[in-house]
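Asks: If you read the protein sequences in the order shown, they are chains C and V.
Everything in the first sequence is counted per the numbering used here, starting at 1 for the first residue and increasing by one.
Everything in the second sequence is counted per the numbering used here, starting at 1 for the first residue and increasing by one.
By construction, these hints were calculated from the structure, which means they are not laboratory data.
One should not assume that every hint holds.
Computed footprint of chain C on chain V; a stretch qualifies when at least three of its residues, placed anywhere within it, have a C-beta under 8 Å from a C-beta of chain C [unchecked claim]:
(1) 17-24
(2) 149-159
No more than 30 Å apart at the CA atoms, straight line, and that leaves these computed lysine-lysine pairs for BS3-like [said to hold, decoys possible]:
(3) V:Lys199 x C:Lys262
(4) C:Lys143 x C:Lys228
(5) C:Lys74 x V:Lys236
(6) C:Lys290 x C:Lys186
(7) V:Lys225 x C:Lys74
(8) V:Lys225 x C:Lys310
(9) V:Lys147 x C:Lys143
(10) C:Lys27 x V:Lys225
(11) V:Lys236 x C:Lys290
(12) C:Lys215 x C:Lys44
(13) V:Lys19 x V:Lys82
(14) C:Lys44 x V:Lys251
(15) C:Lys175 x C:Lys143
(16) C:Lys88 x C:Lys59
(17) V:Lys225 x C:Lys88
(18) C:Lys228 x V:Lys147
(19) V:Lys51 x C:Lys34
(20) C:Lys215 x V:Lys251
(21) V:Lys108 x C:Lys316
(22) V:Lys147 x C:Lys215
(23) C:Lys44 x C:Lys128
(24) C:Lys316 x V:Lys257
(25) V:Lys108 x C:Lys290
(26) V:Lys251 x C:Lys74
We treat Cβ as the ideally placed atom computed from N, Cα and C, and that holds for glycine.
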Amino acid sequence: MKEIFVLAEHRQGQIRDITFEMLAKGKQLAEKTKSEVVAVLLGKEVQAHAKALSQYAKKVLLIDDSRLENFNSKAYQEVLSSLIKEYKPLLIMIGHTSYGVDLAPSLAAALNQPIATDCIDLDLEDEKLSVTRQMYGGKVNVKATVRKSESYIVTIRQAAFAAEKPAMNGETVQKPSPLTQDITEKRFIKYILPPPGGVDITAADILLGIGRGVKDQANMPIVEDLAKTLGGVLACSRPIVDKGWLPNDRQVGTSGKTVKPKLYIALGISGAFQHLIGMKNSDLIIAVNKDPNAPIFNFSDYGVVEDLFKIVPSLKNKILELKGQKT
Amino acid sequence: MDVIVCVKHVPETAEADIKIDSTGQTLEKTGLVFDINEWDDYALEEAVRIKEKIGGTVTAITVGSEDADSTLRKCLARGADKAIRLTDAKFIGSDAYAVAKILHSAIKGLPFSLILTGALSDDDGYTMVGPVLAQLLGIPHATMVKKIDLSEGSASVNRELEGGLEERVELRLPAVLAVQTGINEPRYVSILGIRKAMKEEIKVLGLADIGLSENDVGETGSWLKIEKMFVPPVEKQAEFIKGTPDEVTSKITELLKSRGLI
């Protein structure tokens with residue numbers, strides 16, 4: 001029976017959510033293609049992870065090697081290449097995460113097997129793979145077909161699929177590590193933790209999220225004023241941190257925090273997936289953007305198509321008025 | 001140190017009004033403003049900073065049509081010493097894999113210790129060219145790079161992980177580093193600099209010059225074929241609050257009050 005491989009992603013003792021999301025989709029595709037879903041787990045002393053994964057897969061392939069203690073794309077690539085050559089799985093699913101993007105494309109090139117990255121959906125029909133991906137920052141989707149192959153590699157966007165409850169009782173098969181020597185060309189040194197202190201945006205009830213539309217650092221006091229008037233806290237999308245206008249503990253999204261405030265006002269944020277994933281579960285979302293086609297409007301409760309600078313000062317004054325503090 | 005930086009000329013779509021063209025497979029490009037891919041802009045800046053700090057050369061290279069010259073001139077104005085444009089009618093339809101093969105063929109004969117690219121491109125977002133290029137060259141790579149420290153024969157880099165975490169990784173040189181935005185603050189280029197760059201030579205190479213065959217590039221040399229482009233389905237369509245700014249803010253204030261938020 002053919003296999004669908006799902007690479008288990010884990011870090012600092014935790015299996016990451018993307019793993020269970022991929023296992024759910026992998027199981028569905030396995031049923032359709034009469035194959036079986038296999039969790040591939042690489043690590044050092046990760047028996048507990050193997051046990052957890054066995055509840056979500058028909059089989060857990062485990063490689064235990066001290067050289068796999070921390071993620072190293074080169075070590076992972078060597079081990080996966082060897083497993084893929086042995087098992088010839090129909091599909092290899094890898095998370096479109098920081099680890100996955102470091103690993104999957106070069107693995108595909110090394111094996112000369114086609115890859116489709118950052119997939120939000122995929123389908124296998126007669127052993128032919130088609131995928132759905134986003135382009136232009138989420139403004140459009142594309143359906144693409146992948147060149148026919150006996151084995152495909154895909155990277156899967158985080159939160160594209162919902163994880164399922166544990167329902168299986170798979171066997172764990174431990175394989176000898178194919179690594180014969182130390183990986184010297186690329187070495188993991190250490191984790192660098194975000195600096196402590198600062199503002200905890202995950203604890204705020206009201207967040208004012210700002211993005212590229214703020215345009216200039218000189219405009220920061222205008223949005224800061226509104227945040228203060230609302231009794232809220234400023235948060236932001238990636239470009240604001242890149243420019244150094246806010247520290248990175250204010251960033252919402254994949255590389256920042258996931259927030260769920262009572263109110264999230266998005267100002268000049270187009271709504272790339274990387275940001276949306278961090279805020280789309282807020283209780284109430286109001287978005288202000290000049291571009292009526294901005295993806296943020298597809299995830300908001302209320303939208304205003306307008307220049308944020310025409311809205312922000314007026315909104316501040318209206319709120320002050322209501323509070324009886326008209327200035 | 002000789003640094004090669006791979007750049008892409010892409011349409012700016014973040015705030016633009018976009019339309020899918022009549023083929024249904026790509027965007028209507030008329031009216032869109034093209035510029036250097038944002039991630040590549042940071043890669044370019046990093047390359048120039050390395051040159052300023054330890055000497056060497058910077059070569060900017062792109063796969064694209066003649067229009068991409070404006071992006072290469074920007075690279076030259078910013079401090080690149082050489083610019084190469086890889087152009088051939090046969091390249092049209094290339095996916096990230098085919099583009100990496102084209103770059104590989106052009107780069108393999110050049111002297112370099114470091115290749116920088118953006119971690120992804122703003123248009124198709126494959127996050128592939130850097131690592132695939134590294135694999136084809138048989139050298140190590142790191143993606144999502146937020147900091148680069150160079151020493152003799154090696155590079156120590158910080159990679160961005162999720163949730164504010166980073167990892168420190170050491171790579172043997174030569175290597176390919178795909179950089180994340182925010183790694184530096186790209187400088188502005190003076191008008192004088194751009195004017196000066198207008199006179200510099202851009203080397204143009206085609207399929208035959210880099211020793212590839214037709215089958216390696218374009219649609220035949222690609223893994224992915226776009227069949228259909230469409231507007232994403234709506235998860236939760238916003239209710240639009242319309243009116244003058246004054247009317248809009250009154251409505252928002254009412255809404256917030258009714259929800260007990262102010």
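Asks: Do three or more residues of the segment 17-24 of chain V come closer than 8 Å to chain C, measuring C-beta to C-beta?
Replies: holds (count 3)
Asks: How about the segment 149-159 of chain V: do at least three of its residues have a C-beta closer than 8 Å to a C-beta of chain C?
Replies: holds (count 3)
Asks: Can you confirm whether the C-alpha distance between C:Lys44 and V:Lys251 stays at or below 30 Å?
Replies: Cα-Cα ~57 Å, so violated.
Asks: Under the criterion that the straight-line Cα-Cα distance not exceed 30 Å, is the pair C:Lys44, C:Lys128 satisfied?
Replies: With a Cα-Cα distance of about 35 Å, the restraint between C:Lys44 and C:Lys128 is violated, given a limit of 30 Å.
Asks: Check the hint pairing V:Lys225 with C:Lys88 against an upper bound of 30 Å on the C-alpha distance.
Replies: Holds: V:Lys225 and C:Lys88 sit about 23 Å apart, inside 30 Å.
Asks: With a cut-off of 30 Å on the C-alpha distance, tell me whether V:Lys108 and C:Lys290 pass.
Replies: violated (45 Å)
Asks: For a C-alpha distance cap of 30 Å, please report whether V:Lys51 and C:Lys34 respect it.
Replies: At roughly 56 Å apart (the allowed maximum being 30 Å), C:Lys34 and V:Lys51 break the hint.
Asks: Hey, V:Lys236 versus C:Lys290, does the alpha-carbon distance stay inside 30 Å?
Replies: holds (19 Å)
Asks: Starting from V:Lys147, check that the Cα of C:Lys143 is at most 30 Å away, please.
Replies: Violated, at about 35 Å.
Asks: Within 30 Å, alpha carbon to alpha carbon, are V:Lys199 and C:Lys262?
Replies: Roughly 57 Å separates the two Cα atoms, so the pair is violated.
Asks: Would you mind confirming whether the straight-line C-alpha gap from C:Lys316 to V:Lys257 stays at or under 30 Å?
Replies: Holds, because 14 Å separates the two Cα atoms, which is no more than 30 Å.
Asks: Keeping to a limit of 30 Å between CA atoms, is the pair of C:Lys143 and C:Lys228 held or broken?
Replies: Violated: C:Lys143 and C:Lys228 sit about 44 Å apart, past 30 Å.
Comparing the model with each numbered hint stated earlier shows that hints 3, 4, 5, 6, 8, 9, 12, 13, 14, 15, 18, 19, 21, 23, 25, 26 do not hold.
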